[in-house]
Amino acid sequence: MKKKSHKHKLSSSKAGLPPGDLVYRGEVYTENKSVNLLSFNTKSFEKIDSDNVELILKKVNPDSFNWINLVGLHNTDVISKIGYHFNIHPLVLEDVLNTEHRPKAEESESYLFFTLKMFKKQEIDSEENDYEQVSILLGKNYIITFQEKEGDVLDTIREKLADENSKLRKNNIDYLFYRIIDSIVDSYYKMIEDLGDKIEHLEDSIYLNANSQHYKMAQDLRRELIFLRKSVYPLREAIAKMTKENSTGLISEDTQRYFTDVYDHSIHIIETIETYRDLTSGLMDLYMTSVSNKMNEIMKVLTIISTIFIPITFIAGIYGMNFKFMPELNHRWGYPIALFLMLGVVVVMLIFFKKRKWF
Amino acid sequence: MKKKSHKHKLSSSKAGLPPGDLVYRGEVYTENKSVNLLSFNTKSFEKIDSDNVELILKKVNPDSFNWINLVGLHNTDVISKIGYHFNIHPLVLEDVLNTEHRPKAEESESYLFFTLKMFKKQEIDSEENDYEQVSILLGKNYIITFQEKEGDVLDTIREKLADENSKLRKNNIDYLFYRIIDSIVDSYYKMIEDLGDKIEHLEDSIYLNANSQHYKMAQDLRRELIFLRKSVYPLREAIAKMTKENSTGLISEDTQRYFTDVYDHSIHIIETIETYRDLTSGLMDLYMTSVSNKMNEIMKVLTIISTIFIPITFIAGIYGMNFKFMPELNHRWGYPIALFLMLGVVVVMLIFFKKRKWF
Amino acid sequence: MKKKSHKHKLSSSKAGLPPGDLVYRGEVYTENKSVNLLSFNTKSFEKIDSDNVELILKKVNPDSFNWINLVGLHNTDVISKIGYHFNIHPLVLEDVLNTEHRPKAEESESYLFFTLKMFKKQEIDSEENDYEQVSILLGKNYIITFQEKEGDVLDTIREKLADENSKLRKNNIDYLFYRIIDSIVDSYYKMIEDLGDKIEHLEDSIYLNANSQHYKMAQDLRRELIFLRKSVYPLREAIAKMTKENSTGLISEDTQRYFTDVYDHSIHIIETIETYRDLTSGLMDLYMTSVSNKMNEIMKVLTIISTIFIPITFIAGIYGMNFKFMPELNHRWGYPIALFLMLGVVVVMLIFFKKRKWF
Amino acid sequence: MKKKSHKHKLSSSKAGLPPGDLVYRGEVYTENKSVNLLSFNTKSFEKIDSDNVELILKKVNPDSFNWINLVGLHNTDVISKIGYHFNIHPLVLEDVLNTEHRPKAEESESYLFFTLKMFKKQEIDSEENDYEQVSILLGKNYIITFQEKEGDVLDTIREKLADENSKLRKNNIDYLFYRIIDSIVDSYYKMIEDLGDKIEHLEDSIYLNANSQHYKMAQDLRRELIFLRKSVYPLREAIAKMTKENSTGLISEDTQRYFTDVYDHSIHIIETIETYRDLTSGLMDLYMTSVSNKMNEIMKVLTIISTIFIPITFIAGIYGMNFKFMPELNHRWGYPIALFLMLGVVVVMLIFFKKRKWF
Amino acid sequence: MKKKSHKHKLSSSKAGLPPGDLVYRGEVYTENKSVNLLSFNTKSFEKIDSDNVELILKKVNPDSFNWINLVGLHNTDVISKIGYHFNIHPLVLEDVLNTEHRPKAEESESYLFFTLKMFKKQEIDSEENDYEQVSILLGKNYIITFQEKEGDVLDTIREKLADENSKLRKNNIDYLFYRIIDSIVDSYYKMIEDLGDKIEHLEDSIYLNANSQHYKMAQDLRRELIFLRKSVYPLREAIAKMTKENSTGLISEDTQRYFTDVYDHSIHIIETIETYRDLTSGLMDLYMTSVSNKMNEIMKVLTIISTIFIPITFIAGIYGMNFKFMPELNHRWGYPIALFLMLGVVVVMLIFFKKRKWF
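Here the protein sequences come in this chain order: A, B, C, D and E.
This note's numbering applies: residue 42 is where the first sequence begins, and numbers increase by one.
This note's numbering applies: residue 42 is where the second sequence begins, and numbers increase by one.
This note's numbering applies: residue 42 is where the third sequence begins, and numbers increase by one.
This note's numbering applies: residue 42 is where the fourth sequence begins, and numbers increase by one.
This note's numbering applies: residue 42 is where the fifth sequence begins, and numbers increase by one.
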């Protein structure tokens with residue numbers, strides 16, 4: 042994530058091109074060209090997977106609820122066809138293709154559009170977090186989800202949908218819409234929990250023995266948090282829109298109540314990110330202080346050693362002089378007295394340093 | 042508290058699970074399975090404690106005010122039964138179980154829900170503060186409180202309730218609701234007072250003799266304040282809701298007046314926390330400055346000592362040379378003159394340093 | 042003030058106690074138990090001072106304007122009696138007793154309540170500022186002021202009240218209310234002026250010769266400003282309330298105009314405090330830079346001295362070696378040449394350092 | 042850009058002069074005096090380029106849409122004539138001439154005025170970014186654009202206009218207005234992308250080997266971002282105006298939808314700038330830490346070397362003394378023992394340093 | 042300006058004094074006691090200058106527009122008379138006398154009051170900026186301006202007024218009001234331009250050769266900007282009031298359009314000040330880094346020199362020992378070998394340092 046976080050693909054950078062021509066400038070993660078349709082109502086449940094988008098669109102059942110899922114945003118022709126079928130505004134389709142889009146909710150006459158980042162659960166060893174842009178369209182009786190990569194956090198929902206007794210089957214499609222967004226927002230918690238562990242671990246390491254690697258790690262954490270904050274902040278606002286009366290009437294009052302809950306989660310995530318930013322900047326201060334303290338300690342000891350030897354070396358220098366008339370040199374106890382003198386100087390200095398609490 | 046403060050249990054992290062299934066992911070602090078009911082009106086007062094929640098719910102007197110208190114959030118079946126009996130929304134019950142929930146007030150058709158942190162009074166020696174999540178439900182004639190651990194700050198209220206002449210017995214149940222929240226908010230003061238003492242004490246210690254332990258202590262204080270701030274900030278907003286006309290009409294105008302007072306307290310607490318944050322960051326600067334000043338002082342003295350000895354050691358070196366033709370060496374007063382020369386150099390240097398105010 | 046500023050007495054910390062029982066937890070500054078009544082109208086002016094609060098309350102003239110002044114908040118029984126007589130809400134009386142209360146204005150049906158800090162003019166030598174909590178109640182025909190300590194900034198007002206021709210006598214009692222608050226807010230100016238002088242003085246001292254005492258002084262200034270800011274910020278909002286139409290109608294439109302002026306003053310004070318905070322943090326940077334510059338200067342000079350002597354000491358060391366075959370030693374001009382060599386080395390080094398602008 | 046960014050020409054600084062006299066105080070970049078007119082409707086497309094502004098204005102076709110483009114703001118007489126012809130307020134014309142004007146949208150009775158900065162695409166090698174002030178006037182059937190320099194990012198639009206089947210020809214002139222602003226805003230992305238690359242590159246360089254040049258580069262980046270932020274922040278507000286119902290009715294509801302998209306882009310740009318500011322200040326910290334770490338490492342090694350030699354030099358000094366009675370000197374193994382002693386001292390010190398992890 | 046900027050005269054500090062008594066506590070800059078009246082309409086123009094304010098007030102022509110200008114705020118009696126004549130509220134007159142008043146606009150029934158700082162153009166050599174408080178009153182057919190000192194930026198306006206064909210003569214008096222404020226706001230640009238030049242110049246100086254004087258200069262710039270910001274921030278709000286419908290109707294819709302322009306200028310000034318604050322704090326960082334880099338460079342070179350000589354001095358010390366049995370001393374090539382050994386040590390160390398890129 043680190044590199045990606047500040048190397049934006051900026052896919053909207055197409056100065057002069059008219060809007061409406063679908064061009065995907067993100068990376069291609071999958072060869073998949075099939076579209077997935079889940080068609081369900083209280084009684085029936087059908088699942089179709091096909092390369093042929095026209096077939097899928099024909100299968101869309103006006104009397105059931107339909108969830109179309111597309112993986113791989115480079116399939117712009119498929120997206121165009123879906124857009125044409127459901128009468129979606131070209132700018133919305135453009136937003137779907139923009140993998141750097143900030144989270145946003147937008148309502149049109151006949152559908153609700155929601156786009157946000159999804160974080161996938163990671164293997165324990167992996168250092169990098171895996172995320173992708175997900176767009177969700179809620180219509181009267183359909184939901185369309187667009188994903189960058191294969192694999193998501195929605196499998197539990199799909200399983201539940203197959204179960205006739207699940208709440209998902211008994212409720213309207215707006216409840217499924219809520220459950221999808223709720224699952225994606227919940228995927229942030231894992232991400233944040235990982236960051237919290239990293240911060241705690243790093244702090245312990247720095248206390249133990251600060252080294253320059255730790256600073257780099259704190260910098261990386263800081264950058265991840267900057268990126269995460271940018272992804273989550275607008276989310277709050279977008280979800281807030283879901284909790285209010287929509288002009289489309291696509292979201293029922295009951296489901297609005299559930300979105301209030303998601304809204305609480307998004308605020309909790311934002312507050313935790315802010316707290317982590319505080320803690321991370323504290324880590325950097327801690328690193329600086331630790332390194333500086335350690336360095337000071339070393340320099341102090343070294344300087345004290347030097348300072349103790351310098352005067353006695355001087356005394357040795359005195360009696361190394363070659364003057365003819367130096368009575369001490371010929372004295373019987375000259376040498377031992379000189380050594381005692383040196384010892385005396387050392388002791389006095391040590392006492393002096395000790396008294397001043399220099400070591 | 043330190044560790045806990047940034048190792049969130051994030052109990053809401055259950056991606057894909059439907060809401061409504063009560064799952065408690067917090068720690069279990071108590072074996073207690075009993076529920077406590079206080080049933081009272083102006084004339085009578087009854088207290089029941091039982092393992093059997095059905096029994097308790099049967100004892101709820103529709104003509105009295107009833108305060109049900111549950112300790113131990115892992116008793117999810119008990120909470121379910123209470124929720125079913127009083128017709129509480131599943132999401133509210135989930136919020137009750139979420140021990141990391143930010144303070145919030147929520148009104149429904151028939152009840153008011155309030156959740157916040159409670160700080161318990163501590164033994165003097167204990168370093169750690171003890172806190173827990175408390176949820177309070179106010180209905181037409183009942184209050185239900187949910188606690189994580191045994192022991193709370195509400196015993197004085199319970200005693201007063203038993204007293205027929207107390208204001209609590211003479212007023213409606215919304216007054217009890219106010220008194221409970223007021224007591225919990227008051228519990229923050231003790232916490233803050235402790236922090237204030239710690240800050241003051243730490244400052245004095247740093248002025249006296251800064252050591253690296255102080256920095257760690259300041260860091261810990263800083264983290265405690267970050268955590269506390271996160272807990273108290275949303276509280277203001279939650280209490281503010283209580284001071285306004287509620288659609289439920291559960292809180293009378295008289296009691297709203299009392300909540301204004303609690304609101305003032307919450308603002309005071311927030312302002313004090315902000316002030317302490319300022320002071321704590323001042324402490325860190327103070328530590329850095331103290332350490333740096335002390336270090337500078339040491340290095341200066343040591344370097345001055347070295348610098349004084351280096352030139353005279355050089356003079357000794359000169360007369361330690363073995364040139365054949367060095368007239369000074371054979372001079373009768375060569376040695377004493379050399380010593381005087383050295384003394385002269387030292388005196389000149391000392392004067393020079395003194396003049397420049399280097400020591 | 043320093044210590045007091047972050048050792049809050051937190052008198053509202055009485056968890057579990059019902060509101061309405063007047064308990065004073067502040068310090069007791071005075072033995073005074075008397076209450077002071079100024080009763081006046083356009084024609085008459087009466088002043089009564091008595092230990093007997095009942096007597097005072099009897100003397101309150103319904104056809105005049107009455108200003109009751111109480112000193113010493115520990116006289117809770119007197120405050121209770123006054124509260125009972127004027128029908129004041131128990132929570133307001135509690136606020137009167139809370140000497141840590143933030144500035145606030147509150148209107149009730151029949152009175153306006155205003156509480157704020159008052160700064161007293163100080164002897165020149167005194168380092169500490171003297172302040173206290175003052176509460177003011179404005180009713181239809183009375184004003185009640187509650188003070189912690191003896192002595193205030195209102196004596197000029199009392200003198201003017203005695204003067205039949207003064208504006209105070211010709212206007213309604215809301216004008217007196219304005220004049221009291223105006224006088225108290227004006228008392229902040231003196232405080233701020235002192236701080237400005239201290240900052241300026243400190244800056245000059247640091248430029249002259251920074252020492253560690255200056256840092257402590259800057260820290261103290263910073264803390265005073267943090268405290269002051271906390272006291273003044275809410276004041277603005279409180280005064281703003283006075284400038285708007287009150288539901289009580291106690292403040293006439295004319296007087297509102299005057300409060301606009303006080304409002305301007307409060308904003309000016311806040312802006313000045315913010316400016317001083319900026320300047321104070323600049324002072325700390327200045328201190329750090331000064332100390333660091335001075336230290337650097339010292340270390341540089343000392344290191345240059347060492348560096349110059351080290352090579353020539355080495356040369357002396359060379360010719361102090363005892364090798365049998367060292368031709369230079371026996372050379373007639375060996376010694377002077379060696380000395381010249383040393384001189385040469387010193388000169389070359391000095392030129393090198395000079396060129397690099399190291400001194 | 043660097044220099045320009047804080048050397049404002051401040052062309053509005055003409056204290057005392059009446060508004061309405063057109064005076065251009067910016068730099069003159071072009072000798073061009075011709076004005077360019079594109080006149081088009083669904084069927085026809087005409088392009089005229091002439092030195093004679095009167096001719097151009099005569100050619101303005103009331104039944105077509107007309108886009109007049111003027112390059113070189115020093116041609117104040119031409120601007121006056123255009124202003125007179127289209128009845129433009131003198132203050133708007135003044136704003137056109139002010140090359141330091143902040144982005145703004147202003148609506149009048151008969152036209153919409155929009156001014157902002159345009160960034161031109163740069164050669165790869167060029168370090169400096171090229172930007173200029175562009176003003177756009179939208180009237181009932183005309184658009185007038187004013188540019189400082191030759192060359193812009195609008196050529197694609199001009200080409201599309203010549204194409205009868207393009208959306209531009211099929212839509213109203215407000216769509217062209219949107220396309221012009223969209224193209225200019227898109228030009229910011231390139232600019233930002235470059236900055237992102239610079240930041241990333243700089244970070245890698247600092248990690249590799251920090252040198253003082255890097256600090257200057259980070260400072261320059263910081264200043265560019267300060268400048269860019271100042272240019273983009275007000276843009277958001279200006280574009281927001283376009284998305285709301287205009288009193289002029291010049292922008293249709295359909296086009297407003299497109300401006301929402303531009304609005305999203307402007308927010309994305311602002312957020313990216315903020316992120317880059319964070320990253321840049323992180324770069325500075327990184328530089329400081331790297332330099333300080335490297336310096337510390339050097340000093341530590343050097344000091345360790347000195348400290349090891351000082352005690353053994355002292356020993357050599359001892360046996361260089363000229364006392365008559367020094368038994369060791371005459372001992373057969375005195376010399377080798379002394380050397381071993383020195384070696385021993387060195388080994389002990391190395392072990393000591395190693396144990397303390399000093400190297 | 043420096044000193045003045047944080048030594049507020051705080052003329053409103055008159056605790057206890059009733060409002061309405063005009064007391065001037067600012068400095069007295071002029072001996073001038075005369076008042077200046079410009080009386081004009083489309084046809085006539087008259088200019089009167091007199092010591093006698095009553096005379097001036099008599100000359101005020103109800104059928105013309107009248108601009109009264111007073112210099113020297115210590116002439117409180119004159120101000121009183123003017124206030125009495127035009128029926129101005131005492132608090133407004135007090136605001137006129139308060140030379141530390143923050144910019145503000147206030148409307149009354151019959152007049153508009155505007156007060157702000159005016160910056161005068163400076164001689165090139167002068168370091169200090171010259172500013173003063175100016176208050177402007179707009180009535181139905183009069184404008185009164187109050188200045189602290191002689192000399193202003195309004196002379197161009199006076200000249201234009203004398204010119205029958207000027208816009209000023211053809212418009213209403215509110216247009217003159219706009220022109221006065223516009224001229225004063227424009228005077229800020231010069232001030233800001235100077236600051237921009239100073240910042241740029243200072244930056245170049247620091248890059249060239251940082252010395253402690255630069256830090257003081259950056260500090261002074263910072264303080265000037267703090268002061269300037271305090272003066273300009275409230276200005277925006279004050280001017281915004283002029284752009285809205287006034288209850289007095291003194292400002293026509295046409296003139297409101299002009300004030301929008303002044304409003305843009307004030308925002309531009311504020312944004313530039315903010316940018317300069319950023320740049321100035323960048324300057325301080327730059328200074329610190331430069332000084333620290335330079336210092337590090339010096340210390341590094343010095344320490345490297347010492348470190349190179351210490352081992353070879355030790356070797357010299359070895360062969361300066363007086364052991365009887367030191368075979369090397371008697372060796373024919375002992376001395377040259379020792380010298381070569383030393384040379385070898387130096388070369389090895391230089392290579393080592395070079396490899397580690399220490400110089």
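In case anyone wonders, no lab produced these hints; they're calculated from the structure.
You may find that some hints are simply not true.
All copies of an identical chain are treated as equivalent in the list; a pair is satisfied when it fits inside any one copy or across any two copies.
Claimed, not checked - Calculated lysine-lysine pairs in the PhoX-like style (CA-CA distance at most 20 Å, straight line):
1) 398 / 335
2) 395 / 341
3) 335 / 257
Outcome of the hint check:
{"no.": "1", "hint": "398 / 335", "result": "both (17 Å within a copy, 10 Å between copies)"}
{"no.": "2", "hint": "395 / 341", "result": "both (13 Å within a copy, 16 Å between copies)"}
{"no.": "3", "hint": "335 / 257", "result": "both (18 Å within a copy, 14 Å between copies)"}
Hint check: no violations occur; every hint is consistent with the structure.
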